[in-house]
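Q: Single-letter residue listing:
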Amino acid sequence: MKPRAPRRLSWGLIGWLTFLWLLLNQTLAPEQALLGVVAAAALSWAFSPLRPLHATIHNPQVVVALLFSVLTDVIRSNFAVARIVLGLVHDRKIHSGFVEIPLELRDPHGLAGLAMIVTATPGTVWVDLAPDASRLTLHILDVQDEQAWIRWIKNRYEKPLMRIFE
Amino acid sequence: MLLALIVILPFAGSLCAALLPKHARNTAAAFAGAVALACAALAASLYPEVTAGGVVRTYVPWLPDLGLDLYFRMGGLAWLFALLVTFIGALVVLYARYYMTREDPVARFFSFLLAFMGAMLGIVLSGNLIQLVVFWELTSLTSFMLIAYWWHLDDARRGARMALVITIGGGFALLLGVLMLGAIAGSYDIDIVLAQAGHIRAHPWYGATLALIVVGALSKSAQFPFHFWLPRAMAAPTPVSAYLHSAAMVKAGVFLLAGLWPVLSGTEAWFWLVCGAGGLTLLIGAINATFQRDIKAVLAYSTISHLGLITMLLGMNSTLALVAAIFHMLNHATFKASLFMAAGIVQHETGTRDISRLGGLRRSMPLTATVATVAAGAMAGVPLLNGFLSKEMFFAESIAAGDLTGFDFTLPAVATLGSVFSVAYSLRFVHQVFFGKPGGDLPRTPREPLRGMLLPSALLVLACLLVGVLPALTLGPLLGTAALSILGADMPVYRLSVWHGLTPPLFMSFIALAGGTLFYAWQYRSGRAMRPTPLLSRIDAQRVFDVANVRLVRAAGRAANVLFTGRLQPQLVLIVCLALVAGYFALDGRWSRGIMPLTPVDPLFALLWLAGGACALGAAVQAKYHRLAAVILTGATGLVTVLTFAWFAAPDLALTQLTVEVVTVVLFLLGLRWLPRFHEWDDPRRKTARARARRARDAVIAAVAGAGIAALAFAALTRPTVTGLSTFFIENALPQGGGRNIVNVILVDFRAFDTFGEITVVSIVAITAYAVLRRFRPAPESIERPRAQQAEEDLAREALIDNEEDLLPRGYLKTPAVLVRLMLPVAAMISLYFLLRGHNAPGGGFVGGLVMATALIVQYMVGGTIWVESRIRIHPQVWIACGLLAAAAGGLIAWLAGDPFLTSQELDIAGLHLSTVLLFDLGVYLVVVGAVVLILIALAHQSLRSPRKRVQLADTEATSRDEPVTEEAG
Amino acid sequence: MEIVYSLAIGVLTASGVWLLLRPRTFQVLLGLSLLSYATNIFIFGMGRLTLHRPPIIRGNTPVDPAFYADPTPQALVLTAIVIAFATTALFLVVLLALRGLTGTDHVDGREPDA
Amino acid sequence: MTAVFDGAALFASFCFVATMLCAAVRLFWGPNAQDRILALDVFYINGMLTLLMLGIRSDSTAYFDMALLIALFGFVGTIALAKFLLRGEVIEP
Amino acid sequence: MNVLLQHLPALPIVVPLLSGAAMLLVRERRRRVHATIGIASLALQLSVALTLLALTTDAVPDIWTNGIGVYRIGGWDAPFGIVLVVDRLAGMMLTLSAMVGLAAVVYAVAHWDRPAQPFHALLQFLTLGVNGAFLTGDLFNLFVFFEILLVASYGLVLRGLGAQRVKTGLNYIAVNLASSSLFLVGVALIYGIAGTLNMADLTLKVAELEPADRAILEAGAAILGVAFLVKAGSWPLNFWLPRTYSISIPPVAAAFAIMSKVGIYAVLRVGTLVGENAAASAILGSILFWVGLATLAAGIVGMLSARRLPRFVAYSVVVSSGLLLSALGLGLEEVTAPALFYLGTSVLTTGTFFMLTGMTERTRERADTDGDTEPVPQPFFVAYGVAVPDPYGVDEEVGTAIPLAMAFLGLVFVFCVMLVAGLPPLPGFIAKFALLATVIHSTEAASTPGWLFISAVLVSGFATVIATSRIGIRLFWSRAARRVPRLRVLEATPVALLMLTLFAATVAAPAVMHFLQGAAASLHDPGAYVRTVLAARGDAP
Amino acid sequence: MNGAELPLWVTVPGTLLVVTGGLLALIGGIGLLRFPTFVTRMHPPTMGTTLGTGCVLIASMLASSALLDRPVIHELLITILIIVTAPVTAMLLMRAGVYRQRVDDARNTHHDTDP
Ligand code: NA
Ligand code: NA
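Chains as they are written, first to last, in this note's numbering: chain A, 1 to 166; chain B, 1 to 970; chain C, 1 to 114; chain D, 1 to 93; chain E, 1 to 541; chain F, 1 to 115.
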């Protein structure tokens, strides 16, 4: 097997890795920055065959908004789940189950972003994604209204993600 | 130096003879004969110096501290024996020239014969007891080779082996005896030993020493109870029998007894051991000889018997008996060698040695018949032949010794009875072979042999006659010299003559002759001549030996199966238990806790270990039937270990253990795929009482081991810190080592050598694992795809990637793959971070390398082997090699500065401040990446081969069924 | 703390030894793993228990040895961890080979008769 | 106030260790392999949190690296186990 | 002094490392390159070892003090850094290692090294581990080198695979991993109590310990001792040894000849340094003695049970371990020199013998390759290579010529037997004689252990003759053996050279013995060792 | 805990954060123990993973910054890594759990942990 994949440099990656390097070393010293750039370039070049896909972010401002809404959701659902665990929900029966959500998002990075959001939010777990990404199955700890969940996911996360990645 | 030459010459000759062409009969014989004669001449030339008790000595210090020096010593007895050995040797060589056929590879024969002669001369001329043992064992070895000359014959192999085992065994006994004798006397020097006769006999070790030396001598001289090897050695070519088994080797034992006679004899123990064995042998040999069918066997048993006679004489504790013994040694050598040669001629000319097939040969071979008859007469003790004289002396001494010891009747009776049989078998030998009616269907037509073949035998017979008629003139002075060399001042007065008057011995001789003749007549008439020996023939020594051998091997085999069991569990039990026992006894009840107060328990830590301990125990319980669970539990225990390291301020350890932990889990899982499934509920073995008992035992061992190590740990933990090395390391890490992370400075500088060894271990493991896995053969049921992938079609369809051109996995791994690929460069950057900062903060090459390797492995996990390897090519072996070389280079640079290996050097190259330590750590990094990737990927590749096999299988099935096959791509 | 620490070592050792004496190769493998934890913690303990003072030099003042955990056992444990990892890996590979060649995962390469 | 903070840190550490203990119970009892894997993941995360707390409590940055490493690779063991459970092999062709 | 001489003690480690690493870069198809590197490396090691040997005898004056060379790895003084120490004993062991290694690698080139890739590298790493173990003056570093040599040996044992090898290999690995744990525990405990790892320093530190601390340290030392005994192949910790040695391919088994002696060396080295205390060393001695005697006895039983040559030779390794341990356990200082002589001859003999098995096994029919269970109707005669002997075979009394190849093999076989059995005049005899004579002459001779030792040694010799006469006759003289093997020069040469070395050892026995007496004297005078090691400073690396 | 006084801007939010983080994690752990089925047990630990970790990391940033007298934000990295890796774990684990459940239901056994 001859390696077929070509190698190339990805500037975004180099930048990100250099940032990472400086963060790790907790410094802004120029020689460290230089070392970081060199190392980042080398790694970017060396591993480019294993990373054939590249994400392109179209609307950076949406990212910030999305991050903010996710953060609030995470905090909210944390407490919601805590209440359930501690048995503080007496007024109704907790009904957990699988929910299928039709998806329009196709970009792999967008889907990955969705996965991160779903996972980071307590109470929802990613179960399955159809091979063509047309359907997403989630397990939801406290399904009160299935359709509400579908709407929630599609509006609050899928749309912004599509705006960012597609 | 002449003495040394006498011994060396035959050995040198042996080497030369070995190099001669295989079948050069004449050349080899002439050469060997010349060597023998040269030795004889050399020995003879020393006669003037050994007369009158003179001794010739050659002394070469060699290992004086151990008392082992080259010391050749020739007294009268030695001179006589040297002459006997060389002269008869020469005759045997001449005889062998004719005896061996054109096809025989004679070079080997003469080579061993000369080597034997050298060894024999070595025994005779040794002045150092250890040196004597050396040559003694050499005669055993060379005789083995000579007996087994016709190694393609089964009898030759069996006989040779028995002779070897018996004589070598005797040799070991002799060695010990001699060692003890030397210890008593303070030297192995015969002169010194001989000078301390009184001291030796009074020493508490005397009995054991005597017994051991006698055992050695008896085994060599084929004396009871070791006599049985000699008849079996008759499978040797006849020249060998004539030489070794009449004249030379078997005489070594009695020679030794005679030589040590002054120190060892004169006690009851000596009499009982030596005389007793001799008497028994005399009778057993004689009786047996009377009933043998093989003419060589007759001679072999007669040899045993005559050596018994000599031994008996030696055991009688009388000086005159000693003289008689020496006299009979010489006489026996002459007539027995001659008889063996005659027997060989008969076999050579007729093609058989079976006495029942032979007969009347005096007509076809009159000369041979004459020679053999005269020799047999000497053997029987017929007057006017030499055998008569020594036998006469033997009778006289048996009477004397009987008087002396109170066995006034037994000893003469034994002597006479032995002689009766001696006459009988001599008569039988001559009568059945040369007289009587001619044998019928002989393999060859008998005729007189070539002169050269008969000559040696005839010469010996002539000697018998001469000595027999004129003893005082011929052998007298020589015998005197020999006896004098042993006895010195104790030399008795005796007279060698044919006629001593009408004495009791003469009477005994008469009884022997008459009795023997009558016995044979009765035996012949009654048709018992061809029967096996009554009673004694029941014991087939060879068979007993072989059976004993087989029993020994089997018993040893059974014992070895227990003593060296191949089962692993007992071995591990032993190791653990012995360690416990060793620790327990070393402590010897002195365990004590140290003086330090306990540090207060952190409940968090205790809770942590509550979890950790539960996990460890869980792993122990689950490991058989729930392997996955056990792996998980082990992993959790590992994490608790990591936290422990972190807790007690060992960040480097925690980092390393953590990365190792991750890789180990993956490794175990990769392995788990190839192990058989099996279940608690279908394992009946679990429930047997034995299994329960075993588990209980192991549980106890485990508990005790745990308690023991905990006790040791506690004892050490409560003792004050011993600050030796660490103070130095802490104080010097920064100023001398140039690093803030002391552990790292130790690893790459103070004790870099350990790290160096450690990466070597990792490299070796990687290449070994790779080599094993390359030829790995999975078990048949594991070749199938895992059940999880077969169970449900929809899941099984989720093969990773159909096409190498695909950029993402198709199925469930699609999204994870995106995320994991995001991680790759990050992980790589972190690995570099750990590598480069290690010297000042936790991290280092090892952690960095493991991070990098794990990052790559994860790509395999989400991408699949085929896809990853179609995109990128990793050469782990090159990484390993480069790593090792980099580390070595980091160490070797120091040499340029004149510093020792692995001394850290600061280099300033183009303004960059670099240290060889970094190069070294880089080497570690490369090795770790290479090794981990090599092992894990080699394991992962095993799954690659199974679909391939599956395809092949399916292909063959398809062709046989002629159906299309659908196959998921692997 | 010393008692907890010693008990931890004891439990790990006992579990490891128990597994070491089991008949299945995988059990032995895990036993060796657990034993190596035990020995590593044991070696580490020989530097005595020190809290919060990792052997990493801070500042540029002259160092006081009493202020740092004993670094020597830590270095030894590092080497031991690596070697244990390597040998465990090798043992795993060999047990797989044995399983492949003999068809059993019994440590003796054949199922016991009884 | 520092004392309060220290107490809070101790309390948090206790919470994390207690969570590990919960996870250990799941690890021990299962009942299923997937439960154990999940518990191991929880074990790892809380181990990391414990390390971070150790760092806070001992005013040391040395624990950061360990936490970083767990964050980076804690998931590897889990996904390997999950993959093994799901597919029967960790690295597929 | 010149640079090379200065760094000489490091070369036995650096050379195999570099060559082993370089081999990993060479493709396995290029067998000749591997072989060349391997041979060159070992030849270089041999010359280095011989030079070191010469230096220990103060042949070159003013280089080393007390004939002890100390090399400070990393430039750190003992006890802080790791030092390599070359004294006479180490020099001798290095020489033996290089000799056997060189012979094995040349022998292997004949055809045993296919595929070459891991083989030659592993052999280099094995010698690296062995040399390191002989050289290092540091207890933990000793562990590391033990691991190197063991791990390399695992790979070499598994060479050729097959169920039998893998089975044995797994057993071997498991036992050694368990014993490595013990090693670690022992070393750790010693460090925990004495606070040092340098063996010379340890000698001083142990002497200063409080009795209570000493007890704990001795427990650690005892556990360490068990680990050493496993490596030394002492019964009942050596069940792995006969199988492992006999199933390994001959060059590997030959190279292993030195391996079990590493354990003995460790016992000797650590024992004389740490167990200097009189009371402790007496107990240690008596334990060693009884363990050695048990090993000797078990080895004798094994020898007698062996039906095939490799297994026999493997058991002879056990016997030699037992003999050495019991000799050293007698507690007689005078025995050490003869014991070392025995050790040397035993290593070379075993190496030669194992290589011989590779050549003779080819003469046998394939039928009985799988060893110890061969059904033959009349078991008596199995030993002679026939079913039933033919009593009337007398008529073909014409000798059969022995082909040169057979003659060579037979001769080497006989010599090896003589060496193992201790038959004169080869050095095996000199060694055993020297041992026995020393024991018998010493005042202890009247003691039971002395006599037991003496008898066991003699019985082992006798058992050797019994077993080898059986095996040898079947091997060389049975009907099955009539096929003449093809003798390869590459195989025969190292065997012949080792044989010649042994002959030379006979001739030069006085010189060798003198050297070894020096070695023994320095072993029993740890003071000089300790002073030299701890005094070594930068100017004299 | 070495006696150095921390400023209020660390201790006040720090106390809140670590207590919250600890409680969240603990509740997650309790949930792990209490919930009846695997799929439901998947949810509670997420609290510790996300918000719990986040709280502790922020507290750690504050404390480190105070300790080193400069802003320390490299804990951010841990957050990023957790967020990126957690989905991988969750997806595979959930899937495995669901699959095993199906297999187990089909077989009606409870002991089988081997694939
Ligand atoms: Na979630
Ligand atoms: Na007849």
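Honestly, the hints are just simulated from the structure, not real lab data.
There's no promise every hint is true.
As the list claims (entries may be wrong) - The list that follows gives simulated cross-link-like pairs (lysine-lysine, BS3-like), each with its CA atoms no further than 27 Å apart:
no., chain 1, residue 1, chain 2, residue 2
1, A, Lys93, A, Lys154
2, B, Lys814, A, Lys154
3, B, Lys624, B, Lys687
4, A, Lys159, B, Lys624
Here the structure is a predicted model, which is why all the values come from computation and not from measurement.
Q: Please flag the earlier hints that this structure goes against, numbers listed from lowest up.
A: Result: hint 4 breaks, nothing else.
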